[in-house]
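With these hints in hand, go ahead and build the complete structure from the sequences.
Chain residues, written in single-letter form:
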Amino acid sequence: MSALGYYPGCSQSGTAAEYDISTRACCKALGVTLTDVPDWTCCGSTPAHTVDHHLAAALSARNLRQAEAAGLSRVATPCPSCLAALKTADHHLADAPFRAEVERLLGGPAPGPVKSVSTLQVLFEEIGPEAVKNAVKRPLVGLRVAPYYGCLLSRPPGLMAFDDPENPVSMDALLTACGAEVVDFAHKTECCGAAFGMPRLDVMTRLSARILQAALDAGADCIAVACPLCQMNLDLRQGQVDAVTGRASRMPVPYFTQLMALALGLPEAEICLDKLVLPLGPALATAAARAREAAAAKAAKEAAKNAAKAAAKAAAKPTAPAKAEKEASCA
Amino acid sequence: MQTLDLESSRDTAFMDAVAEESGQDLKSCYQCGNCTAGCVYTHDYDLPVHQVMRLVQTGQKDQVLACRSIWLCATCQACTTRCPNNIEVATVMDVLRHMARRGGFAPEKLVKTFADGFLASVARHGRVFEAGLAMAFALRSGKPMQDAALGPAMLSRGKLSFAPHEPSSRAKTEVAGIFQRFHAGRPAAPQAATTDGGATEDKP
Numbered sequence: 001m002s003a004l005g006y007y008p009g010c011s012q013s014g015t016a017a018e019y020d021i022s023t024r025a026c027c028k029a030l031g032v033t034l035t036d037v038p039d040w041t042c043c044g045s046t047p048a049h050t051v052d053h054h055l056a057a058a059l060s061a062r063n064l065r066q067a068e069a070a071g072l073s074r075v076a077t078p079c080p081s082c083l084a085a086l087k088t089a090d091h092h093l094a095d096a097p098f099r100a101e102v103e104r105l106l107g108g109p110a111p112g113p114v115k116s117v118s119t120l121q122v123l124f125e126e127i128g129p130e131a132v133k134n135a136v137k138r139p140l141v142g143l144r145v146a147p148y149y150g151c152l153l154s155r156p157p158g159l160m161a162f163d164d165p166e167n168p169v170s171m172d173a174l175l176t177a178c179g180a181e182v183v184d185f186a187h188k189t190e191c192c193g194a195a196f197g198m199p200r201l202d203v204m205t206r207l208s209a210r211i212l213q214a215a216l217d218a219g220a221d222c223i224a225v226a227c228p229l230c231q232m233n234l235d236l237r238q239g240q241v242d243a244v245t246g247r248a249s250r251m252p253v254p255y256f257t258q259l260m261a262l263a264l265g266l267p268e269a270e271i272c273l274d275k276l277v278l279p280l281g282p283a284l285a286t287a288a289a290r291a292r293e294a295a296a297a298k299a300a301k302e303a304a305k306n307a308a309k310a311a312a313k314a315a316a317k318p319t320a321p322a323k324a325e326k327e328a329s330c331a
Numbered sequence: 332m333q334t335l336d337l338e339s340s341r342d343t344a345f346m347d348a349v350a351e352e353s354g355q356d357l358k359s360c361y362q363c364g365n366c367t368a369g370c371v372y373t374h375d376y377d378l379p380v381h382q383v384m385r386l387v388q389t390g391q392k393d394q395v396l397a398c399r400s401i402w403l404c405a406t407c408q409a410c411t412t413r414c415p416n417n418i419e420v421a422t423v424m425d426v427l428r429h430m431a432r433r434g435g436f437a438p439e440k441l442v443k444t445f446a447d448g449f450l451a452s453v454a455r456h457g458r459v460f461e462a463g464l465a466m467a468f469a470l471r472s473g474k475p476m477q478d479a480a481l482g483p484a485m486l487s488r489g490k491l492s493f494a495p496h497e498p499s500s501r502a503k504t505e506v507a508g509i510f511q512r513f514h515a516g517r518p519a520a521p522q523a524a525t526t527d528g529g530a531t532e533d534k535p
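From first to last, the protein sequence lines are chains B and A.
Residue numbering for the first sequence is 1 to 331, as defined by the working numbering.
Residue numbering for the second sequence is 332 to 535, as defined by the working numbering.
No wet-lab data here; the hints were simulated from the structure.
Built from N, CA and C at the ideal position, the CB exists for glycine as well.
It is possible that some hints are incorrect.
Derived pair list, reagent style SDA-like, types lysine to any residue, alpha-carbon separation capped at 20 Å [as the list claims (entries may be wrong)]:
#  : chain 1 : residue 1 : chain 2 : residue 2
1  : A       : Lys490    : B       : Gly239
2  : A       : Lys474    : B       : Arg200
3  : A       : Lys490    : B       : Ala17
4  : A       : Lys503    : B       : Asp39
5  : B       : Lys309    : B       : Ala297
6  : A       : Lys474    : B       : Ala243
7  : A       : Lys358    : A       : Asn417
8  : B       : Lys301    : B       : Ala311
9  : A       : Lys440    : A       : Asp393
10 : A       : Lys490    : A       : Met466
11 : A       : Lys490    : B       : Asp274
12 : A       : Lys490    : B       : Pro279
13 : A       : Lys490    : B       : Ser13
14 : A       : Lys474    : B       : Thr176
15 : B       : Lys28     : B       : Ile127
16 : A       : Lys503    : B       : Pro111
17 : A       : Lys440    : B       : Asp202
18 : A       : Lys440    : A       : Pro475
19 : A       : Lys474    : B       : Asp202
20 : A       : Lys490    : B       : Val277
21 : A       : Lys474    : B       : Gln240
22 : A       : Lys490    : B       : Glu270
23 : B       : Lys313    : B       : Ala303
Which bits of chain A does chain B cover? Going by a derived footprint, with three or more residues having C-beta under 8 Å, they are [what the hints assert, rightly or not]:
#  : segment
24 : 370-378
25 : 401-413
26 : 441-455
27 : 472-482
28 : 497-505
29 : 508-515
Derived DEER-like restraints, expressed as beta-carbon distance ranges [to be verified]:
#  : chain 1 : residue 1 : chain 2 : residue 2 : range
30 : A       : His374    : B       : Lys133    : 38 to 44 Å
31 : A       : Glu351    : B       : Arg74     : 29 to 35 Å
32 : A       : Ala368    : B       : Ala243    : 47 to 53 Å
33 : B       : Ala300    : A       : Ser487    : 42 to 48 Å
Structural data, given as structure tokens:
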């Protein structure tokens, strides 16, 4: 198998730098070697496919061509929107008339087949929860996490071909392997409002409010995300959501890779918790207190169990004298 | 309640074009409503998505292309995922939006402004320049202060770069070339049967 390419995507070199940094750090720590797609450009994301499918495919195909030229037959990306764009382009390029128009737009040949994959899928399928568990140095004991996948990581199932489209579990398994407690979360794939934050803030806040409320109802300390746009809506824009709902959510929204990096004991510079608008600190403190409480409760239960055992033993001992007494009374 | 004369307003060329451009078998929609049931944007739609599908089936071009719903679809893929007849409903919504653009419809003007601004940023820098996009949108949207309060939070966390993070000049030229050729439009097809009228593309 050729080396695994890496396509960071625009957000990951700007507003979502911590997703890029923590993704690279987790991959490195777990033995996944990423080779950057040289001189990559924007995939076109949602705006391109809403304008024209050939334009969208050409913008993505340029990156697949860069990967191919570098000998990379497979490209991993942390961003679900980039992933959908790259996969859709690769899929459409198999159609001859479509390919011809993309080649006209590219002003040259389109690339051959290049497979794209999310870094979540790489970590889940190629490393796996068991290996992650073995690599964990600081288990996230007591931390209750709502795993939020967003729309695109497993949808549509025909194109994405990963995990369950309605109830994905890959992130759940990785976070559980990190020692966290994954809460039952019905809004795993409900849309957060996507790119409507700027043009229709009312729409975006209504949708993100549902997700925040569901996480609060589930008793989560934080929401783990895998998409830079979901993260921005739920974290940076949480104040705008709260302004509409009148709540004070105070819900931290780290990337799942930040939580993994934390559990793997990686240095703070590779976790970048300071980039989150809602700090994770209080959630970690709650988790630590909960872990201490649980440990104390367990110890108390153990002690009570031992005491009960001892008492039972003590109660059992007098059977011999009791028997003698009984015999004596019969005599 | 609106009454439609389905016979006089049926546009069969439109029906064929949507099927052709989306690659979907639109006849197989039997109006179960699963798409609408799972659509989190229905609250904001003027036409629920299953009605959009029905109007496409009956060739009601003007009503479909003028609706807001096709601009408010986020392509979250819930409808496509849940369609019992495997219709890529989100792809149909996308194609309708392309047609609406070409026809000069944009009832959700700011959604179009945002997409246009995003692509203009890509065409210019090769990658999206987020701060530039946000500022350009704030100026063009007529609500410049909407996100102003987010600035300090982003700045203090090093999330707002005031310089674009660009690829090489060669890569930038390649991306700019894609947009130039797109705007120039397809050369006139020798055979008459292209249905998408790509040559009159609205500039994104």
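Looking back at the numbered hints, which does the structure fail to meet, lowest number first?
14, 32
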